[in-house]
Amino acid sequence: AQSVTQLDSHVSVSEGTPVLLRCNYSSSYSPSLFWYVQHPNKGLQLLLKYTSAATLVKGINGFEAEFKKSETSFHLTKPSAHMSDAAEYFCAVSENFGNEKLTFGTGTRLTIIP
Amino acid sequence: EPEVTQTPSHQVTQMGQEVILRCVPISNHLYFYWYRQILGQKVEFLVSFYNNEISEKSEIFDDQFSVERPDGSNFTLKIRSTKLEDSAMYFCASSDNRGPYNEQFFGPGTRLTVL
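Listed in order, the protein sequences are those of chains G and E. Per the numbering used here, the very first residue in the first sequence carries number 1; after that it's consecutive. Per the numbering used here, the very first residue in the second sequence carries number 115; after that it's consecutive.
If you're looking for bench data, these hints aren't it; they were derived computationally from the structure. Treat the hints loosely; a few may be bogus.
[As the list claims (entries may be wrong)] Quick partial rundown of chain G residues pointing at chain E, CB under 10 Å, derived from the structure:
hint	residue
1	Lys42
2	Gly43
3	Gln45
4	Leu46
5	Gly62
6	Glu64
7	Lys68
8	Thr72
9	Thr108
Quick caveat: nothing in here was measured; it's all calculated off a predicted structure. Ideal Cβ positions, reconstructed from N, Cα and C, are used throughout, including at glycine.
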C-alpha cells in the first residue's frame with residue numbers, strides 16, 4: 001500500500017527567503033511522485049512530477065523537488081518565495097504498475113510574510 | 115487554457131437526501147476521477163472511470179455512491195442518501211493518459227455540507 005506524509009501542516013516564510021515543504025512517502029513499488037498546489041477557490045494544479053527519470057525535478061514557478069530513495073523523501077523547494085506562492089500544497093504518490101490512483105498527503109499551507 | 119469545471123461550488127443538503135455533483139472534464143480526456151477531502155483530512159480517492167465503466171473504486175465508494183457520464187460531456191457523482199459524514203470537498207479530475215505518469219487535471223471542487 002502507498003502513503004504520503006507531509007510533515008508540516010503550516011509553513012510561514014518571509015518574501016524572498018527559501019521555501020522547504022517536506023514530503024515522505026511509502027510505496028511497495030517504484031513510485032511516481034507529484035506536487036500539486038491549490039490556490040483559494042481553485043482546483044489542484046500540478047507543480048511537478050517525478051517519474052523515475054532525473055531525481056531532481058524542476059517544475060513551474062521556480063519550484064523543484066528532489067527524489068531521495070534512501071530517505072523516501074520528495075521535498076519541495078524554492079530559492080526565493082514570492083507573495084503569489086501563498087497556497088495549499090499537496091504531495092501525492094502513484095504506484096508504478098499502471099494504477100493511476102493518486103494517494104495524497106494532508107497538505108501544507110504556505111504563508112508568505114511581506 | 116482548458117480546465118475542469120464543477121457545479122455547484124457549494125451544496126447544502128439535509129441528511130438522507132440525494133445529491134448529484136456535476137463535473138465537466140477537459141473535452142479530449144478519457145479518464146475521470148472523483149476524490150474527496152473531509153475538512154482537515156487527506157484528499158482521498160473515491161473512484162476512477164473509463165469507457166463508461168468504473169475502473170477502480172475505494173472502500174469509501176459504497177452502494178450509496180454512483181457515477182455516470184450521461185451525455186458525453188458531464189461526469190456526475192451521485193450520493194443516494196447522504197450522511198453527516200459525507201460532508202467534504204469533492205474534487206473531480208480528468209486525464210488523457212492511463213498509467214503512473216499521467217497528470218490528472220483537477221476541478222475547483224464542490225463543498226458538500228450535510229445537515
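Structure-based check of all given hints:
At about 5 Å, the closest approach between the beta carbon of Lys42(G) and any beta carbon in chain E falls short of 10 Å, and the interface hint on this residue holds. Hint on Gly43(G) holds. Least Cβ distance to chain E is approximately 4 Å, under the 10 Å limit. The beta carbon of Gln45(G) comes within 7 Å of a beta carbon in chain E, closer than 10 Å, and the hint placing it at the interface holds. At a threshold of 10 Å, the smallest CB-CB gap from Leu46(G) to chain E is about 5 Å, leaving the interface hint in force.
For Gly62(G), the shortest C-beta to C-beta distance to chain E is roughly 19 Å, which exceeds 10 Å, and the interface hint is violated. For Glu64(G), the suggested interface contact is broken, since its CB lies about 17 Å from the closest CB of chain E, more than 10 Å. Checking Lys68(G) against chain E: minimum C-beta separation of about 19 Å lies over 10 Å; hint violated. Interface restraint check: Thr72(G) against chain E, minimum CB-CB distance 17 Å, threshold 10 Å, status violated.
Annotation: Thr108(G) was flagged as interfacial toward chain E, and the flag is violated, the nearest CB pair being 12 Å apart, outside 10 Å.
The structure does not agree with the numbered hints 5, 6, 7, 8 and 9 stated previously, though it agrees with the rest.
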